[in-house]
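Number of protein chains: 2
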Amino acid sequence: MNNPTLKKLASMLGLSVSTISRALKNHPDISEATRKKVSELAQLLDYEPNANAVHLRTRNSRLFGLSVPSISNNFYESFISSIEEEARKNGFSIMILQNGNDAQIEIQNLKLFRQNRITGLFACITPKTVDLSAFDKMKEMEVPVIFFDKVPEANGLHKVCLADEQAGRLAAEAIIRKKKKKVLAIFGDEHMSITQKRKEAFVSAFREDSPETEISIQFALNTSEARQQVHAYLAKKDKPDTIFSMSDEILIGVMKALQEMHIVLPTDVSLISISNGLIPKLFHPEITYVETSGEKLGRLAFMQMMALLGGSQVLQDLTVDAVLIPGGTL
Amino acid sequence: MNNPTLKKLASMLGLSVSTISRALKNHPDISEATRKKVSELAQLLDYEPNANAVHLRTRNSRLFGLSVPSISNNFYESFISSIEEEARKNGFSIMILQNGNDAQIEIQNLKLFRQNRITGLFACITPKTVDLSAFDKMKEMEVPVIFFDKVPEANGLHKVCLADEQAGRLAAEAIIRKKKKKVLAIFGDEHMSITQKRKEAFVSAFREDSPETEISIQFALNTSEARQQVHAYLAKKDKPDTIFSMSDEILIGVMKALQEMHIVLPTDVSLISISNGLIPKLFHPEITYVETSGEKLGRLAFMQMMALLGGSQVLQDLTVDAVLIPGGTL
DNA sequence: CTATAAACCGCAATCGTTTGCGGAACCCTT
DNA sequence: AAGGGTTCCGCAAACGATTGCGGTTTATAG
Chain E
1 MNNPTLKKLA SMLGLSVSTI SRALKNHPDI SEATRKKVSE LAQLLDYEPN ANAVHLRTRN
61 SRLFGLSVPS ISNNFYESFI SSIEEEARKN GFSIMILQNG NDAQIEIQNL KLFRQNRITG
121 LFACITPKTV DLSAFDKMKE MEVPVIFFDK VPEANGLHKV CLADEQAGRL AAEAIIRKKK
181 KKVLAIFGDE HMSITQKRKE AFVSAFREDS PETEISIQFA LNTSEARQQV HAYLAKKDKP
241 DTIFSMSDEI LIGVMKALQE MHIVLPTDVS LISISNGLIP KLFHPEITYV ETSGEKLGRL
301 AFMQMMALLG GSQVLQDLTV DAVLIPGGTL
Chain R
331 MNNPTLKKLA SMLGLSVSTI SRALKNHPDI SEATRKKVSE LAQLLDYEPN ANAVHLRTRN
391 SRLFGLSVPS ISNNFYESFI SSIEEEARKN GFSIMILQNG NDAQIEIQNL KLFRQNRITG
451 LFACITPKTV DLSAFDKMKE MEVPVIFFDK VPEANGLHKV CLADEQAGRL AAEAIIRKKK
511 KKVLAIFGDE HMSITQKRKE AFVSAFREDS PETEISIQFA LNTSEARQQV HAYLAKKDKP
571 DTIFSMSDEI LIGVMKALQE MHIVLPTDVS LISISNGLIP KLFHPEITYV ETSGEKLGRL
631 AFMQMMALLG GSQVLQDLTV DAVLIPGGTL
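Sequence lines, in order, name chains E and R. Numbered according to this note's numbering, the first sequence spans residues 1 to 330. Numbered according to this note's numbering, the second sequence spans residues 331 to 660.
Heads up, a few of these hints could be off.
[Unchecked claim] Pairs of lysine-lysine, DSBU-like flavour, derived with a Cα cap of 30 Å:
no., chain 1, residue 1, chain 2, residue 2
1, R, K529, R, K512
2, E, K199, R, K611
3, E, K296, R, K441
4, E, K139, R, K338
Read the hints as simulated data drawn from the structure, not as lab findings.
Please construct the entire structure, taking both the sequences and the accompanying hints into account.
What follows is the structure, encoded as structure tokens:
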């Protein structure tokens, strides 16, 4: 790496380093003439300021940390994508670290973030994360932390989430509107708060608006569990007329089973899911779903971050609205 | 950000900064006693070295640049994921920038990479990238550049690619083995080398091993074009008995059309695709495909990078083998 | 022909580390 | 007791940029 430095430019022009520095950033102290000379040479030599030096000197890294379970996931990738885009437009960089849902690695990654003196952190915690002290330490050092998607229960934290209750309710209402009477609802890991929220809202919407509807609730830890459950339920004599899936992961299992059984949507059974949007559009008819957009969440998180850095008072908890995307399966 | 520094530790212990620095990295000059004192205090105060200062001083950023069209893409995300993992294990960070297939932004991003004094670059160029001078400049500055997936034609560059010819041939051979006689082959952008390679291999495999097979070649720039082509071809009186798709993007369009027309796989028509693996497994029967693994490609690219940095002589072009993953559609 | 203020520029400290070199202090040898 | 090794540590100069402050010109005015 042999980049030109201010010093090099300075000696070539017989000027001082400080003059070069000022000229390059249009400081009023510098005359138009030398300013032009300097920027021309800089252009010629392809001068690029050494970000490390700048950040060291200004004590400002313009770097955001981004902690996710995994990059290779349709939802996180859309989140990351929008954060990256916003960051770049605003002159920030991002440092992405995945923890593979391992709390140990999560801690390790936080260390890396601190070494790099990030100016803010976006974090999606692992299901096993119980000790938040490492995150607290960040805040003590005046590094704003914004939790997203999977967030801690504790109060006093900045969180941006999908509107889980709303998503659950919207799905339920859509089903009720179609006057369905027998629903198989498949949720994810029972111990995650996201599951609980969606389930509560879903169930209580029925209780209030359509108590006569019969709802069977199942929890599936992964795609293949969901698939088996669908197989089991559709084999019954009084099979459900509608299936609800809480997530893409479950939806994949559901679709696998439905296709295996040659079930025709929505004739034989109706289907609605909560999803980021990719999977539902792969099928025909397209699957009706309640959208929870990673992209929107990313943008919201970023706005929140900028507000925090700007010192504005901000709401602690924000959510992105869920919207029903009608398809052909309900 | 109010992290402890070497200076702070030094003054607290009445030692010099250099001693602290050496103690923390087990320099033999430092006695066991003070070494322990120092590391205990460091532990207590949660000292983390300032990466910017370290990198500035050592002129080594331990940072890799990663330039991709988009993060939210099943293939790139698996590539990125494996690069990140390897990098982290080896004490490197990565800086990811997406260019949205815009050559303008690509240039801009290269500037950012240079500002951050990356020690190596992984780049997937845009289809419109014609001017490689910005990349050349990187190499002049002794920053190794490894092109992956979409690579320039030029010689003398380090490239890691999917085995495009092999993939095309494997698909063709699989079709030939099934004694299919009429295939519709849909490829991507005709101007991309990846398209040409896959097409050449595909076609010539037929020419050599089964010249009597009738092949219709189509190019689709996106999902919906592919979909329309399938509609058109399957409406003909002598419709194809097999469809070949070059990529996930095209596969999605194909499947959309097939489902819309209520075509049953593989009874009505056979199907084989080249894919990263996610999409084919969503359907039943699972789609037979030739796997081109982003994860393997990432690992290969990383190895190549480390070899380059280590100064070893390395092969310019590397490829990851394609393998046929049998499904139920051929 | 001097004051006086712009206009323009350089000095030097600083950010937090690393590292070559030199220098005490101590022990051992003869 | 003088010389020669060890052992342990500090000085100070970097790395490349930013910035407060002060100093020189030059122009303008009185």
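Each hint, compared with the structure:
no., hint, in the structure
1, K529/R <-> K512/R, "16 Å, holds"
2, K199/E <-> K611/R, "28 Å, holds"
3, K296/E <-> K441/R, "28 Å, holds"
4, K139/E <-> K338/R, "21 Å, holds"
Violated hints for the displayed structure: none, as all numbered hints are satisfied.
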